[in-house]
Structure formats: C-alpha cells, structure tokens
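Protein chains: 2
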Amino acid sequence: MSAATRLRRLDEAMEIVVLERSGYVSFANCGLPYHVSGVIEQRSALLLQTPESLWERFRIDVRVASEAVRIDRSRKSVVVRDVATGEESELGYDRLVLSPGARPVQPPIPGIERALTLRNVEDTDAMVAAVRDARTAVVIGGGFIGLEVAENLLHRGMSVALVEATDQVMAPLDPEMVAPVHDRLREHGVDLRLGSAVTAIGEHDVTLADGSTLPADVVVAAIGVRPDVALAREAGLQIGPLGGIAVDSRNVTSDPSIYAVGDAVEKDDALGDGDLLVPLANTANLQGRRVADDIAGRGVPTRPVMGTAIVGVLGLQVAAVGWNEKRLRAMGRDYLAVHTHPASHATYYPGAAAMALKLLVDPTDGTILGAQGVGESGIDKRIDVIATAMAGGLKAPDLAELELAYAPQFGSAKDAVNMLGFVAENRLSGLERSVQWHEVEAMQDAGVTVVDVRTPAEFEAGAIPGAINLPLDELRDRSAEIPDGELIVHCGVGIRSHAAVFILGDRRVHNLDGGYTTWRAGTAA
Amino acid sequence: MSAATRLRRLDEAMEIVVLERSGYVSFANCGLPYHVSGVIEQRSALLLQTPESLWERFRIDVRVASEAVRIDRSRKSVVVRDVATGEESELGYDRLVLSPGARPVQPPIPGIERALTLRNVEDTDAMVAAVRDARTAVVIGGGFIGLEVAENLLHRGMSVALVEATDQVMAPLDPEMVAPVHDRLREHGVDLRLGSAVTAIGEHDVTLADGSTLPADVVVAAIGVRPDVALAREAGLQIGPLGGIAVDSRNVTSDPSIYAVGDAVEKDDALGDGDLLVPLANTANLQGRRVADDIAGRGVPTRPVMGTAIVGVLGLQVAAVGWNEKRLRAMGRDYLAVHTHPASHATYYPGAAAMALKLLVDPTDGTILGAQGVGESGIDKRIDVIATAMAGGLKAPDLAELELAYAPQFGSAKDAVNMLGFVAENRLSGLERSVQWHEVEAMQDAGVTVVDVRTPAEFEAGAIPGAINLPLDELRDRSAEIPDGELIVHCGVGIRSHAAVFILGDRRVHNLDGGYTTWRAGTAA
Ligand SMILES: Cc1cc2nc3c(=O)[nH]c(=O)nc-3n(C[C@H](O)[C@H](O)[C@H](O)COP(=O)(O)OP(=O)(O)OC[C@H]3O[C@@H](n4cnc5c(N)ncnc54)[C@H](O)[C@@H]3O)c2cc1C
Ligand SMILES: Cc1cc2nc3c(=O)[nH]c(=O)nc-3n(C[C@H](O)[C@H](O)[C@H](O)COP(=O)(O)OP(=O)(O)OC[C@H]3O[C@@H](n4cnc5c(N)ncnc54)[C@H](O)[C@@H]3O)c2cc1C
Ligand SMILES: CC(C)(COP(=O)(O)OP(=O)(O)OC[C@H]1O[C@@H](n2cnc3c(N)ncnc32)[C@H](O)[C@@H]1OP(=O)(O)O)[C@@H](O)C(=O)NCCC(=O)NCCS
Ligand SMILES: CC(C)(COP(=O)(O)OP(=O)(O)OC[C@H]1O[C@@H](n2cnc3c(N)ncnc32)[C@H](O)[C@@H]1OP(=O)(O)O)[C@@H](O)C(=O)NCCC(=O)NCCS
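Sequence lines, in order, name chains A and B. Residues 1 to 525 (the UniProt record's numbering) are what the first sequence spells out, left to right. Residues 1 to 525 (the UniProt record's numbering) are what the second sequence spells out, left to right.
With the rest of the complex left out, here is chain A (with noise of 0.2 Å):
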C-alpha cells in the first residue's frame, strides 16, 4: 500500500489496480495480537484504511477477496481469481509489484489443523472468536508474535505455556540477554517449557516431546514466517537462497518488470555480502515506497538492512540491531562484546529502570556489529540511537562522545551510549582486558583466581563459585591477600571491577564483561 500510495503521489495519472487476497488492505498487523486481549478494543482502530477511502483519496483501486493466482509474464498479466465466487478474470500490468508477505510456518504435528495463527484480520477474528470461552492456552514459539500473543491472552486472565524449541525466546538476542525475559514469563505465571518440542496437539491438550501433556482450550502456532513465494515460483522469478524472493537493490526481480518488496524478498544485508529475511513493518514500508519512486523515474538510494526490531513483553522492551553474538560465532568473526546494566536515566530521580545493553563490535576497526537491549524503559531510544550511528558509519569509539539530551528524567549525563562508548574504548586501545561470561570456569580451571570487589553482603547473597571477596575500597591495602597469577575481577556489572583493574595495574587481570549479573544471567539461560 505504501507503493500505491506514493506512485499515486508521483503520477496522478497512472492506472493503479491493488489486489489483496483477504477482505481486508491497510491493516495494522503490529496491533493483532493487542486486539485479542482488548488492550486495543476497537476492532475498527486496525483498519488504517479501506478500499473505498483509498479510492476517494487515491484514486487506487483497491480489489479485496481478490486472489493473484498467477503471473503471465509474457503477455505481462495477472490471474486474479475472485475468492468468493472462484471465478478468474485476466489483468494486464506494466509494472507488477509483489508484496505477498510471509506465511507462519505450519509444523508438520499430528493436530496442527487445530493450532491458529496471527496474519491477518480474519485470524484476528477467529482468535477472538476461539479465546472467549477458553481458559487455557498453549502458544508454540517464543518469537516476537508468540511473546505478544502470550502476553495478551495472559491479560485476558487465561493460563498460558510458551513452548518454545530452542533453548530462549527472541532469536535475535543472544542467550545472556533474554535472561530476564525468561524470569519475567515465569514471573506472570507464563509455564515456560525451554528446548521442548510439540509432538501431538489434542483436542483438549498438547503432548510435548518428554511426554508431558498441557490442558489447551486454544493452541496458538508462532514458530515464525516464511516467504510466501509460491506465485513468485511458479512464475519463474528467481529464488535466493533463504527462500524469499531475489530482488537487487531497487527491488527489482529477475523480471525487470516485476518489483517485490517487503517479508517476501531476501534483503542485502547491510554488514555483510549476504542476505537477510527481515520480516518487519519498517522495512516493507520503506521498500514499498522506494519501489513507487523507481516506478516513477526517480532514483532511489541502496538501501541494505540490519534489522531493527523491538517487542514488548509484559513491561519489558525487548530490542536488537545488526548480528548477534551467536551468528559471529557460527561465523567464526572475531568480536569484541560490551554487556552494561546502566539505569534509563540519573538514579537520583525517580523511576529510573534497570537496562541490559550489549554491544558488539569488531575488533580490529571498531565497527559497530550490533547491539541488544532489555529493560523496562529507555531501550528503544538505545536501540535506535546505536542503530543510526551504525547507519552513519560511526564507530563504537565514537559513542562516547555523542551528545545526547541530558535531564535527570530521561538519560544521564554521561548517557548509557556514551557509556558503551568508554568501554568499547578502552578495551580496543587495550586500556583494559575484559573476559566473557562463558570463558570464566575455563579459566578457573586454568588457574586463572576470581576477585569479586563487590561488598561482603552482595558476595554472601550469590558469588560466582571459587571467587575471593576483596571489596573494591579495600583493594589497595590488601592486594597482598591476592593469590599469584592471572586474575579475573568483576563486581556487580563491571564499574567498581574496572576501577579495579587500574589498581592492580601490575598484574595481568581482565575485567568480568557485564559483571556478576551477566554471568548470572548467562549461566542461568
């Protein structure tokens, strides 16, 4: 829509034909899941547009319940088949763009007939309709949607297990990260069942790979979209390699006169040569747009993505950019990690929120790899302001000395990324040597000691095993208690441990990355 919009902006001339499948255009997809529960209670505040406005104001004329059932390319029409009467009529394009979107991924489970999915208005309806009278619920998947699915059928008050294959939710983020999403499902009574697979969905329940059976009124499939290509396919058009639709970077297909945009198509990945699915709004708006301006004759920027993205989960922002750690190491880059549990803003001031930041950079340059966030606010605005300095080619030195709007309600003077700055600084110009949380036991077992500086009362309540307390305050009069050899030290995330480490600048000692609370998350997921 977001093309047809703007071609009719650039030409108030050119004949404008939109064919949607489904009876409704213009939808908020973002805003579904929120309708189940009601926290968005008018089923009317989803529908942006309709056909008839969208002819009223741009003249676009806009066929619902209309299905593309096949592409001609050589006479360069369409098949459109009426959806409520199956009758198929012909028509003819010049410029054909394809924003068919992604399909949820239907596992192959005994059952599945029953699970629902969220797509579109019509799921929407059918979930409203299904979860009325229902009070238990299993959702199967711990991606963005089933999070919100869960998250709203909760509110509703239903009893709800997320079950998810992998060991978290939010693959986006790597493990250490969702740690406190985890806590916070269980928390509001979420019956989290980690690394645990659906092998049977009942008529009343479902079967999970250990044998353990959950009561289900309503099964919820969130296992995550996939490029709905079949049209594509069967019309010939090229097929990248994560199996969405192959475009350069005006959106162009293998056919010149055939664009695509959006969750169908396989991006350029902006960090590196290859390609990525980004199946997000942002993104299928601005190549929607991009696509009309290309129509139009005017140029249009490459645009490669990094795929920002941001859920809200039960109170918790939960957001990442670029790559994580997982695919650096799959990929076998080397990476420098930054972890940080700054406040949203000055402490002093009340409501300041605990954030996990994560920063990830390339060692050699200082490129900014990418970044995650988890907090209860201020982690969108981290989120995006560490994505636009990716987008202006800054380094991750370079975050230090940003100027970002300081009042004590909304950041803090040296601000979170400034934050991340300094210590992305100081461990690429070697100031300081940091370890990560899953490299410590190793170095235990070399002979490497942990010094935990935090106070005595913060050591007893949860210490990382074999670790010395010598609080920070006291370290220069008793560094002689400090067994000979390398040194891990760490506090509680990294600060007071990185004062440390200056003071024992005779020996060689890293800094714990993240603090105990990193370790403790990452241990923990």
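These are calculated hints, taken from the structure and not from any lab test. Positions of the beta carbon are idealized from the N, C-alpha and C atoms, including for glycine. Heads up, a few of these hints could be off.
One-sided excerpt, in silico: chain B residues whose CB lies under 8 Å from chain A [said to hold, decoys possible]:
#1 28
#2 387
#3 389
Reference excerpt, derived from the structure (chain A facing chain B, CB under 7 Å, subset only) [stated by the list, open to error]:
#4 315
#5 319
#6 407
Given the coordinates of chain A, work out where chain B with the ligands should sit on it, guided by the hints.
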C-alpha cells in the same frame, strides 16, 4: 570530577587534588530543582560522592570549602583560601584543570539581593528553607532552570508567576515550537508574563516595567548563566569572544599547563566556524574525561559541540539540537524548515501522544542544521536519533532510510524521524514546494489563494483568515472552484495537503509547512 576519576584510573600513582569552594562535590546539579518540591525526596540522593568516598575509592584528595583565589602561572601554583578560616596556602601543580562552571546572571534590579538563585547544594538548602511557608513566587527567566524551578514550586502548591523578557520561554527553540509550552504553563495556573521586564523587587512583591506588581513571598532569578572566568581572567588566560575561557580542541587554555572544561569554556561549534557556550552536563563530563586522557598522554579526538538539550516541563518534553531558525535568520543563512506533528507511537495503540517536530536543513546539500521537539513522550528519542545522525554526517534525506525499532507501543512503521526525511527529501528535490507559517499573510496580500483541504467541521472550528475550504477527498471533482493563480494548500499538519499538492499538480502550489497546527502556534506565539 570526571577528569579526576578517569585520571586516577589512567595513573594509579599521580597525586590528584580537587579544590571546591562550596561544601559539596559530585552533587547532582540537574536534580537540585526537584529536591525543592520533594520529587527527589532525599537530600542525600543528590550527593553522588563525598570527599571520603572519593578518597577511599580513588585516592583523590578532595578539599571542600577551599577556594582557588589566585593562579601563579610562573610558579605553577594556586593560592587556596580556606573558606571557613580565611587562611591562604599555596598548592603547586604540574597540570591544572579549571572547571569553575558558570554563575547565575544577577541583573542590576533594585532588590535583587532578595532573589534566590540555584547552582549548588547550599542554594538548594536556602531555597527549601525559603519556600517552606511561602505561598507566592515569582520566577524571573524562562530558561530551563527557570522552568524547572517554576514546575517544582507549583508542585508544592504555590502560586507561581514566570516573568520572561523575550516573547518566549526556552530560547534554544523557535517561538512557534514553544507555543504548547506556554499553553501548558498557563493550564497549570502559571501567571506567564512574556516580554516583561522586572524593574524592582520589593519585600513582598515584584514590579514589572508595565507598572503591574506580582505577589512574591519568594523571588527566584534564573536569567541565565555566565562562565565563571574571574580566576582565569585574573591569571591572564585568554577569554573568548563569548566570555568563556578560550581553549583548543584538547581543552588546553592559552597556558599549555592549564586545561579548562565545562560551563566555563567556549566550545567549537560543530556546525560552523564559531564558538558556542554550552552549559550542559553531558559536555562538561565528557570534556573532563577527555582532559584526563590528554594528561595521561592518550590522544583525544576533536569534539565540537551541537548543544543537544532537553527539559521536562509539566509533563512536556522540550528538546533541541544544533541551530534554530532564529539563529539561521540572524546569520542570513538559507535554510529549509520542516514541521511535522506525528504521534509518539502507532495511533491505534493506546497512549500515543502528539509530538511537534522541526527539522532545519541546508537547502544546498541536505545537511541537518538543527532539530526541535515538543510533546508528552517520544521527543527525547527523536532528538537523540537526529543528534546521532548529525554526528554521523547523515543528510536529511538519509533520515528516510533509517531502520528504527518498531512495535506499536514504541513508534510507527514509518517512524516520525523517517517522515522528517521523506518531507525533507520531497522539498530538497523540488517535488513539493512549501511555505512557512510566517510567510502566509504576505503571500495572501500578493494574491495567493489559501485552500484548506480539511473537513468542513475542522474548518468551522478555526481557520486561516481568507482561506477557502475544499476537503481533500472532493478536490479532484471540485478543483474548478479554486480561483486562478498561485495557491497555498494546507490541512491540519501537512499530510493531506501533501496529497493535494499532487492532485493540483498542474498549478503552482505550495504546501503550508506544519499545516494549521504550526500556523496557529506561530501566530499565537
Ligand atoms: C501479528 C503480527 C505482529 C507484527 N508485529 C510487528 C511489529 O511489532 N513490528 C514490526 O516491525 N513488524 C511486525 N509485524 C510484521 C509486519 O506486519 C510485516 O513485516 C509487514 O506487514 C510486511 O508487509 P508485507 O507487505 O511484506 O506483507 P503483509 O503485510 O503480510 O501483506 C501481504 C498481503 O498480501 C496478501 N497476499 C498474499 N498473496 C496474495 C495473492 N497471491 N493475491 C492477493 N493477495 C495476496 C496477503 O493476504 C497479505 O494481506 C507483525 C506481523 C504480524 C502478523
Ligand atoms: C539547577 C540546575 C539544573 C541543571 N540541569 C541540567 C540538566 O537537566 N541537563 C544538563 O545537561 N545540564 C544541567 N545543568 C547544567 C550542569 O549542571 C552543568 O553543565 C555542569 O554541572 C557543568 O559542570 P562544570 O564542572 O563546568 O561546573 P559546575 O558543575 O558548576 O562545577 C563548578 C564548581 O566549581 C566550583 N568553583 C568555582 N570557582 C571556584 C574556585 N575559584 N575555587 C574552588 N571552587 C570553585 C563551584 O563551586 C562549583 O561547584 C543544570 C545546572 C543547574 C544549576
Ligand atoms: C495507511 C497507508 C496506506 C499510508 O499511506 P501513505 O499516505 O503513504 O502514508 P502516511 O499517511 O503515513 O503519509 C506519509 C506521507 O505524508 C508525508 N508527510 C508526513 N508528514 C508530513 C508533513 N508534516 N508535511 C508534509 N508531508 C508530510 C510523507 O512525506 C509521506 O508522503 P511521501 O511518501 O509522498 O513522501 C499505509 O501506510 C498502510 O497501508 N499502512 C498499514 C499497513 C502497515 O503499515 N502495517 C504494518 C505496521 S502495523
Ligand atoms: C560521580 C562521578 C565522580 C563519577 O565518576 P566516574 O567513576 O568517572 O564515572 P562512573 O561511575 O559513571 O563510571 C564510569 C566509568 O565506568 C566505566 N564503565 C561503565 N560501565 C562499565 C561496565 N559495564 N564495564 C566496564 N566499565 C564500565 C566507564 O568506562 C567509565 O570509566 P572510564 O572513564 O575509565 O572509561 C562524576 O560523574 C561526578 O562527579 N558526577 C556528579 C556531577 C555531575 O555529573 N553533575 C551534572 C549532572 S547532574
């Protein structure tokens, strides 16, 4: 203090002495106003560190109630006066860092000695004592400190008048942008006196230039701050044209052994050749840290400033970065201004608030010159994103391509920042002509017709004098009703009229930037 702590980390052996005239160091200046109302309940919350804690942790020798009264540059020493006893002593240095801050301006008004100012903890204690039994207050000055003080006095239940000599509060923003701030102040019962000068302060009241008097149990002077350069000037250090200590890009003064940072110095303007006074905590802290790096022999990148600032006023966020239109006009520079009024997040999700955003752009190359924002939420994020884009050298049209994290609670699929990019690109590329609110009247006088494409109901509720009403959705059918000649089209905010521009594409049409909303704010201001 940021210089001292960082320097300790960089050099465990160096002797570091901090001199402080008042009784406190490392206090949260920016929190002081909020303690006056009790929003920050605990006075102790304002004291981030003490001389004792700084000694324990950092071995920094902090001497409070110790004033540096003279610098002897040839002897490399400072004469220190014990504020309690008046005793003077001498302290040598290898490197001296001046961070004396800025003094509240005290205008020569009869009775000014009764006016309170707010700079440090002692001032706060005095203000807390003064307001205890007070019922009426006059705040002189509508800068960010004046606004914060006014808000906090209101919060105590006091009657507050705010007197501001110019026609607007918050000078970093342009007048049409602060109109909502004026409204908000008045809605909360503030007696707002714009364009008013205080001529005398009496025992229980304040007299204005127009002869009126305002009751005033308490008077607060917040007219601005001026670099505290007494010590530096007396020592013969170079003072810059704006009255701040002159420093180079490493923050070195005209004496190579003396650095200066913070509110007291003039900073390189990131956007031009000149200098700026930027009395903000982010800049002060970062400069302090940089100076430590320089002293320790680490290279520091040059860091000119843009002056990103924000203030909270009675639930509104008011923020700005870079140059404003007033300044651009005063400089005689060409610029393109873009006003938008987007929602802080998707309107179909509850809680979205209206924002007013303004972007100033170099019309020749799209360089972002500044941005301003006012609204209940989401302003801090947008201004930080734009400040980051500016730091990264992104041009206005690049904002269109930014991948910002979207879920309905946090933004829009095409985020407000993307929209600024769209509009800027449309105008820079000549796709759409625009006019500013202050240009309308003269154009009407010259025979240009104003066409209001809003609905009749909106038109009835308030319209630009002389405008004709032709709703967008009827424009194609009724365009013959529009008189010949040049046109200005407008709607509420500029989106519908943007569509109208292209429907009327065969005529010379200007879109009224920011629509009726900006026009009304501008003409009211
Ligand atoms: C529940 C849910 C929540 C989401 N939340 C977010 C979020 O918070 N943030 C975010 O960034 N993204 C979110 N998304 C993703 C976002 O909605 C998509 O990225 C975006 O809508 C993709 O746009 P698109 O045009 O590629 O596909 P779609 O919006 O899916 O549109 C494709 C349309 O094409 C129609 N169609 C397909 N094939 C044919 C055919 N052959 N003939 C006719 N019509 C056809 C389909 O019926 C569909 O309406 C969410 C998605 C869902 C489902
Ligand atoms: C009420 C208030 C609210 C503010 N709110 C914000 C905000 O929301 N956001 C923001 O970015 N900024 C804000 N600021 C500004 C911010 O506090 C300053 O930019 C920052 O503190 C400047 O640091 P500085 O080191 O230059 O000066 P200061 O913090 O003022 O420190 C200078 C110190 O030097 C001492 N001193 C001066 N001369 C001598 C001498 N000869 N001998 C010994 N000691 C001396 C002074 O007593 C003072 O304590 C606010 C300031 C105030 C007063
Ligand atoms: C509703 C929909 C049809 C919007 O169409 P649209 O008219 O292109 O978009 P908007 O109403 O957001 O308006 C944007 C236009 O107004 C312009 N604009 C915005 N503010 C402006 C202002 N203050 N002054 C001038 N122009 C302005 C923009 O430049 C843009 O025009 P352009 O593309 O020609 O540059 C389309 O976004 C849609 O179908 N959305 C629903 C589906 C969806 O996004 N789902 C996923 C998320 S839930
Ligand atoms: C309190 C004060 C002394 C802080 O001193 P500080 O130790 O330099 O600063 P912080 O406690 O914020 O810690 C920052 C340090 O921790 C490091 N750090 C932060 N998070 C870290 C992490 N997770 N891992 C490792 N290091 C981390 C930073 O890199 C920085 O060290 P560096 O400068 O050596 O790079 C100083 O900021 C001050 O006096 N503030 C009050 C005055 C003021 O700011 N007023 C205006 C605003 S109200």
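Next on the checklist: Going through the numbered hints above, which ones does this structure break? Give me the numbers in ascending order.
Outcome noted: Hint 4 is the one this structure does not satisfy, whereas the remaining hints hold.
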